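Once you've looked at the hints, dock chain B against the given chain A.
Number of protein chains: 2
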Amino acid sequence: MKTKPRIPRGFRDFPPDIMILRKYVINKIENVFIKYGFDPIETPAIELWEVLSGKYGGEAEKLIWKFQDTYSGEWYGLRYDLTVPLARFVALVQLPRPFKRYHIGRVWRHERPQKGRYREFWQADADIVGSPYPEADAEVISLTIDAFLELGFKNFILKLNDRRLLSGIFEEELKLAKYGEKKMLEIFRAIDKLDKIGIEGVENELRKIGLKDTEITKIREIIAIHGETEEILSQLLEKFGRNEKVKIAIDHIMQILDNIPKDLLKFIQFDLSLVRGLDYYTGPCWEIVIPDVKIGSLSGGGRYDDLIGIYTGEKIPATGTSLGVERIIDAGLILEIFKLNRKTYTRVFIVTIDKKYRKYANEIARIFRMHGIPTQIDLMRRTWRKQVEYAKKKRIKVIAFIGEKESKTRTITIHIPDENKHFDQISIEKAIEIIKEI
Amino acid sequence: MKTKPRIPRGFRDFPPDIMILRKYVINKIENVFIKYGFDPIETPAIELWEVLSGKYGGEAEKLIWKFQDTYSGEWYGLRYDLTVPLARFVALVQLPRPFKRYHIGRVWRHERPQKGRYREFWQADADIVGSPYPEADAEVISLTIDAFLELGFKNFILKLNDRRLLSGIFEEELKLAKYGEKKMLEIFRAIDKLDKIGIEGVENELRKIGLKDTEITKIREIIAIHGETEEILSQLLEKFGRNEKVKIAIDHIMQILDNIPKDLLKFIQFDLSLVRGLDYYTGPCWEIVIPDVKIGSLSGGGRYDDLIGIYTGEKIPATGTSLGVERIIDAGLILEIFKLNRKTYTRVFIVTIDKKYRKYANEIARIFRMHGIPTQIDLMRRTWRKQVEYAKKKRIKVIAFIGEKESKTRTITIHIPDENKHFDQISIEKAIEIIKEI
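In order, the protein sequence lines correspond to chains A and B.
Heads up: the first sequence begins at 3 in this note's numbering, then just goes up one per residue.
Heads up: the second sequence begins at 3 in this note's numbering, then just goes up one per residue.
Chain A on its own, in the form it takes in the complex:
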């Protein structure tokens, strides 16, 4: 009975070389999260359907991986992001506020499989629960920029906007308030597709949801406004400052900028066309893009002051940022910041010249390992030539030899091909020293 080895479409295996890079990237991100005072949590992969539904908005909700439990008949969903699970978590677990948590883990989207679209991918999120203040937004924005710098990225932009600013301007310019909150979310979702479908595409979407041509033209003009952040903001304040939402939003943005370290400010670009696609955002929102790499946003976030209240009944403000692990890796590889050149963590392969030296070779392997040196030894009863071949194929840096002489003198012979170095019959202590220095 043979089984065909297949995985579901849109899913991937990660072999060691990719995992070593992934772990490097995730580790860097995690260290930045910790430096900023965030602590880890973990939540289940599966949430009840009722917990997930109605939180993301129309099209996003369709991408939730939904299934019925064959045993209980209950409806479940695989988590779509790490934000809704956090909101649900905060409602269940009492912890001091601000609650600053990070969470790095996989999420699922029921996308139509296509290049660059995965159905399972990893997000690295940092969120602050409990603070309504711009200081909190400034912190997660700073952390986002810092993480990209730490990873070695240089030419990236953090696009910043505030949904309330756009709402306020639309109210003033288009009298859109009459349509209500729901229509506003539809408009946001249409604008969010700008990068994907272009301005004509957005116009079509707006037409579909029932906007008039004059309104569409206005929206087109508004989201096209570009320039220096402070300049635009003061112009908008002058023109629409009578609108409460506009006033609040501009004040909030100014305070955010005021709390971001100077050296990070240069990465921030105000962008009126940025809205983010998910319904739960209520205020400032942002995205990281790399103009040189055309793979969409590598990170995104924003404030969601009303989401947690859906579970608690009491309004609990929150803000957070999410880094897309896969896109960061893809971008880093394209830009050659990252390399896929490490096939193993192993530092030493011990070549046993003949099986009669096995016992001594085992001893040495044990000593190396106890000194924290990742060590391999032959497990295939191969000739020494084949052992060397394997070590080279795996690009193991140090090849150690144990033969008659070494066994008799309790020494080891070491070869470092990359550095063209060779040490004949040296003591084990000396060998450890040399290996640790590489």
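If you are wondering where the hints come from, they were derived from the structure by calculation, not from laboratory data.
Bear in mind the structure is a predicted one, so any value in this text is a computation, not a measurement.
Any given hint could be a false lead.
Chain copies aren't distinguished; within one or between two, either way the pair holds.
In silico BS3-like links for lysine-lysine, alpha-carbon gap of 27 Å or less [said to hold, decoys possible]: (1) K30 / K396; (2) K410 / K198; (3) K357 / K249; (4) K438 / K410.
Just chain B now, kept in the frame of chain A:
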């Protein structure tokens, strides 16, 4: 529209204090895996149903979390362990052999929810693909023992057996060969329940699958044999050595023991009643138990030489070990090896005495963070007393104060409550030094 915050039964959230302990434990295990020359892989959470089914055996298969995709109509399963996904992976991805991989991740079991039974839990596996030799088994067994030592466990036992040994003895004593391989697996599954249901329970199970009372008595006698490993093995060899399976198994076990470092040997106890419950095991198998803690096996593993061949069509020998992260943590907490006393990674909380010093406080936070010191700063616009209260509630080690004097002199005042230490208006460099020393 309020949503009731719930999670599916048998699932858990991990708040920061638990996560900090979990990450400590996982990190220790991972370091041992790496030292032994294993490299990481990752596979999807979801596998096709056809890939999972028929690999584990009757009752285990019923615990696979199976669901139908509402979109494609295909049947999927959440991975039940990390071994079958490895076998499927090896069939898809060509890598040099031996392929030594570790994999730490969650698996799902559709258990009836009850105390100590989780439906989602973490396994940490290390496997060697490609080697049929006892050296490979010895390596994963050594690594298993080393991991428990590294975690601080002392009084644990690695029970060791070989399924072929039991098969051979049954063939000789009971003429069970006539029942065939399938019946043998049923007998193994019954014996595997010994710890859970006791010897009478096992006898009932054996009766249910159609064994005669005389056969059951024989099995009872055989699995009750205890004593010194070498002694038992030589007795069995003498008595049943004419049986090919017995001869091969005893030779294999002796060679395993021969390749295990002396200081680890004392943790190994030969146990004829140990068989492991999963169908895919073909030879030596083992389990870690802690007699002082009644929570079943904390780790288990064995050789599965026929599993990968189901996917490749070609026999590829493999052996591996699996550590149960939850049970290890539960046992460590019971034995007080682990403590749940760390609520945060944060080292410093910067108390801003008045909001007018915020800018300076921001600067200091930035400097601390750039020096790798996990730092928090007020995000709630609280009074300084409330800030101190929060820092103490989170058990943050260092409380730093920034007020008028500090701001003017560009210094900082530091308080370390646990050590009853206080440093008034010291330089930032000095503060960093002190904090790093703690």
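Hint check:
For the homomeric pair K30 and K396, the shortest alpha-carbon distances inside one copy (25 Å) and between copies (24 Å) are both at most 27 Å. In the homo-oligomer, the alpha carbons of K410 and K198 never lie at most 27 Å apart, since the shortest distance is 69 Å inside one protomer and 51 Å across protomers. Proximity of K357 to K249 under the C-alpha cut-off of 27 Å is restricted to the inter-copy arrangement: shortest distance 22 Å between copies versus 80 Å within a copy. When the C-alpha separation of K438 and K410 is checked against a cutoff of 27 Å, the pair qualifies only within one copy, where the shortest distance is 25 Å, while the shortest distance between copies is 47 Å.
Figure legend: structure checked against the earlier numbered hints; the only hint not met is number 2.
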